[in-house]
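Engineer: Residue numbers (the UniProt record's numbering), protein chains in the order written: chain W, 1 to 465; chain P, 1 to 465.
Treat the hints as calculated values from the structure; they're not laboratory data.
Heads up, some of the hints might be wrong.
For identical chains, the list gives no copy identity; a pair is met inside one copy or between any two copies.
Dumping the calculated DSS-like pairs for lysine-lysine here, alpha-carbon to alpha-carbon at most 27 Å [unchecked claim]:
| # | residue 1 | residue 2 |
| --- | --- | --- |
| 1 | 66 | 188 |
| 2 | 149 | 270 |
| 3 | 414 | 461 |
| 4 | 401 | 66 |
| 5 | 188 | 203 |
| 6 | 347 | 461 |
| 7 | 149 | 281 |
| 8 | 414 | 188 |
| 9 | 363 | 325 |
Treat the numbers as computed from the prediction; the structure is a model and nothing was measured.
2 protein chains.
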Amino acid sequence: MSQGGRTKIAELLQSTPAGSEVTAKGWVRTKRGNKNVAFIALNDGSIIHNIQIVVDVNKFDDELLKRITTGACIRVTGTLVESQGSGQRVEIQAGDIEVYGSADPDTYPLQKKGHSMEFLREIAYLRPRTNTFGAVLRIRHAMAYAIHKYFNDRGFYYLHTPLITGSDAEGAGAMFQVTTLDLNNVPKDSEGHVDYSEDFFGKPCNLTVSGQLEGELGALALSQIYTFGPTFRAENSNTPRHLAEFWMIEPEVAFYELEDNMELAEDFLKYLIRYALDNCKDDLEFLTKMFDAELIDRLKFVVENDFVRLDYTEGIKILMESGAKFEYPVSWGLDLQSEHERYLVEKHFKKPVILINYPKEIKAFYMKQNADGKTVRAMDVLFPKIGEIIGGSQREEDYNKLRTRVAELGIPEKDIWWYLDTRRWGSAPHSGFGLGFERLLLFVTGMGNIRDVIPFPRTPKNADF
Amino acid sequence: MSQGGRTKIAELLQSTPAGSEVTAKGWVRTKRGNKNVAFIALNDGSIIHNIQIVVDVNKFDDELLKRITTGACIRVTGTLVESQGSGQRVEIQAGDIEVYGSADPDTYPLQKKGHSMEFLREIAYLRPRTNTFGAVLRIRHAMAYAIHKYFNDRGFYYLHTPLITGSDAEGAGAMFQVTTLDLNNVPKDSEGHVDYSEDFFGKPCNLTVSGQLEGELGALALSQIYTFGPTFRAENSNTPRHLAEFWMIEPEVAFYELEDNMELAEDFLKYLIRYALDNCKDDLEFLTKMFDAELIDRLKFVVENDFVRLDYTEGIKILMESGAKFEYPVSWGLDLQSEHERYLVEKHFKKPVILINYPKEIKAFYMKQNADGKTVRAMDVLFPKIGEIIGGSQREEDYNKLRTRVAELGIPEKDIWWYLDTRRWGSAPHSGFGLGFERLLLFVTGMGNIRDVIPFPRTPKNADF
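Chain W with its partners taken away, still in its complex shape (with noise of 0.2 Å):
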């Protein structure tokens, strides 16, 4: 494959031996110097490190060394050799260079002092050329990879679940509505409501809040799936923890019970924080030293201790005799806040705790009845800083109990024959779990806001570029 006619800047630093000729293309970080020298910093995504380049002034054209300021673009051809300043192993001494785009000075927004997160945000079409979100784009990299090797490792199949759907039962969440009809001239039938058989589906149509209920269908019949796609949230909530646009990853198991699922959780959740640890280290480095001095021990936090396993009943009644302050009510049957998940954790257990066992009643209708007709077998992965990191649950695999639950909630049956028909034909226990990859991205990369761990982040009255 063509690495485009250059060295990659991580083989440089890492690999290539002192003495060789190189060339490296990417983008001026900063220039400093004197007027016989000029110091180069030269970054192109592959690492967060920089390569020296070292100029020699007098042997370049002053209007060529006049180009070259942050965020130019160029080509340099050199010899790399052993560096006596740089901080890193070698640099370039630069024998020819090229500038493929300049950047003025005066109008190019990402000058070399440190921006605040909001502006970065503002132009977010620039941010992935910044230290700081090279690093976080990277760990997203590293972390969607290790998603896939870890399902694919072990017998799991990637299922494609629709994005467009004309079912809307989970009640997860607001939908958005999908349509080509034209907004400024709706059409409508006789009785004066909009007329969906000129919609592109025949039907109103929304954006999913799951893949779940699909993916149910397809470990009925591969035996383990696990989803990785967008969904979507109308939700107006302007907060540092929402997304209307964010990535989830459910895996599905069949012959699957709650035990199976809270081990494939506490291992997927090891591997992947692992994987951090050993293959984003320089960019975790970057990001403790900079945003979160506690974040590689929480980190290995997770990856040295056994999860706690815990009935919520039991969680309340610590919750309630702790003596704690807490800004929300605790009591049985009432959900448990971040405030209450991170108090488990830091404080009490001062370990990942895995929550079970829920009130029915503040958990969807799909999950599995316990004999006490008052709790479903629910689980809720809780870490420190964050709380919740995954939601999950054993399914209800009986036909009529889960019939009879429909019709409590009021679920039109019309909208999910196709999902209870699965109990009806060949029906089996199984189990899964939904983890939202910005959530865990939080975790892993120790940002504060969920916008500063995807691209393009959308929320209200936000879809810029």
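Let chain W serve as the given structure and place chain P on it in line with the hints.
Structural biologist: Only chain P this time, still in chain W's reference frame:
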């Protein structure tokens, strides 16, 4: 990781020693036999082959055995023994059987006899339980994994470009609108137009037709990126080649010129097809036997031949001089149809072809203009049977040329100022291409209809499940 209390049938058939006590779980494909012995063919999706379960009828309860019909889900514990006549190395002598879920023979739609592809599309929620769709979905998984592995191993970063977009600049096709407005009561401004200030994003938004423009932003920061995500077309095309929702792979590489781009495309496609031949042997053999006798030969044809590189102008000349009868006209300036592409590949060169330097009028605005003023540095990769499988180009990196072309085509600058800006600051030569994932799967599986290579197809008037 838990195996859910069973050994996968793939492992039982391939590597578990005869004589072992084993548990298998799966779905009954067939049951036959006589009053003394029953033979159950059991499948769990881990492999296309069934394992045979031999049941001594006299040792089991009649009522239990009656519930074991096609489609039922069962657990079998017993001894793995060498097989006499099942066509497999081993079979299971049943010691204990549990029925997880029966499948009423009067209602279960997937009886053992063959079903038409049309019928299976109507029950897409059940078709993963058939041999054909099991094979297709396993190959789909293998190809998705191979794509991620190929790019990861070569230092590309997986970039998640947005699905919801406020820009419709690419013009690759009709778009779906995404909205939270109430279509029964669309808010209007004082001039009677839709008041988008009340919509979720505060402006009209659509589902993306391509991640390329955002992909270029990534490449001009990280050097090598790829996208792999859903894309959408709201075209009212009811054909075996069109889906409203499909998946696309779009690598984009800084410092690549057209030659590098061609080399990447050829290497990438050969890698994927070799991966299928190496990893999906049983499924490919099944599809070759059942649907497309030339399938495996066609895959080998691609792997074993160098791709011809040819100017569009040369291609047109060959077609005009061929004496062949085509349905659609051939002349310089017209786009090629599938019949023309296939003629070049199958009849003339007998090799895959990369056609380059197309007339600029039939290609997108962002392609790099050649010095002749007439053509652009486009490339289409043409395959046997399906014609174009990849479309790509070197991108125009010159700010003024790109801006002029945008103006000529009447694209509003307000929609893509951010894209143009990448050519203002640190621009660089760069190239990329798009591979439709389902187009690839049509080629690799030999299926004739694109609705049969995606789990839940979305087409005009159809968004079921």
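Engineer: All the hints need checking, so say for each whether the structure fits it.
Structural biologist: Each hint, compared with the structure:
Taking identical chains as interchangeable, the C-alpha atoms of residue 66 and residue 188 are never at most 27 Å apart, the minima being 64 Å within one chain and 53 Å between chains. In this assembly of identical chains, residue 149 and residue 270 lie within 27 Å of each other by CA distance both inside one copy and across copies; the values are 14 Å within and 21 Å between. Taking identical chains as interchangeable, the C-alpha atoms of residue 414 and residue 461 lie at most 27 Å apart only when they sit on different chains, with a minimum of 17 Å there against 34 Å within one chain. Only between protomers do residue 401 and residue 66 lie at most 27 Å apart by alpha-carbon distance; the minimum there is 24 Å, versus 75 Å within a single protomer.
In the homo-oligomer, the alpha carbons of residue 188 and residue 203 lie at most 27 Å apart both inside one protomer (13 Å) and across protomers (24 Å), since each shortest distance falls under that limit. Taking identical chains as interchangeable, the C-alpha atoms of residue 347 and residue 461 are never at most 27 Å apart, the minima being 38 Å within one chain and 54 Å between chains. Taking identical chains as interchangeable, the C-alpha atoms of residue 149 and residue 281 lie at most 27 Å apart whether they share a chain (19 Å) or sit on different chains (20 Å). In this homomeric assembly, residue 414 and residue 188 come within 27 Å of each other (Cα to Cα) only inside a single copy, at 23 Å, whereas the closest approach across copies is 33 Å.
In the homo-oligomer, the alpha carbons of residue 363 and residue 325 lie at most 27 Å apart inside one protomer (26 Å), although the nearest pairing across protomers, at 64 Å, exceeds that limit.
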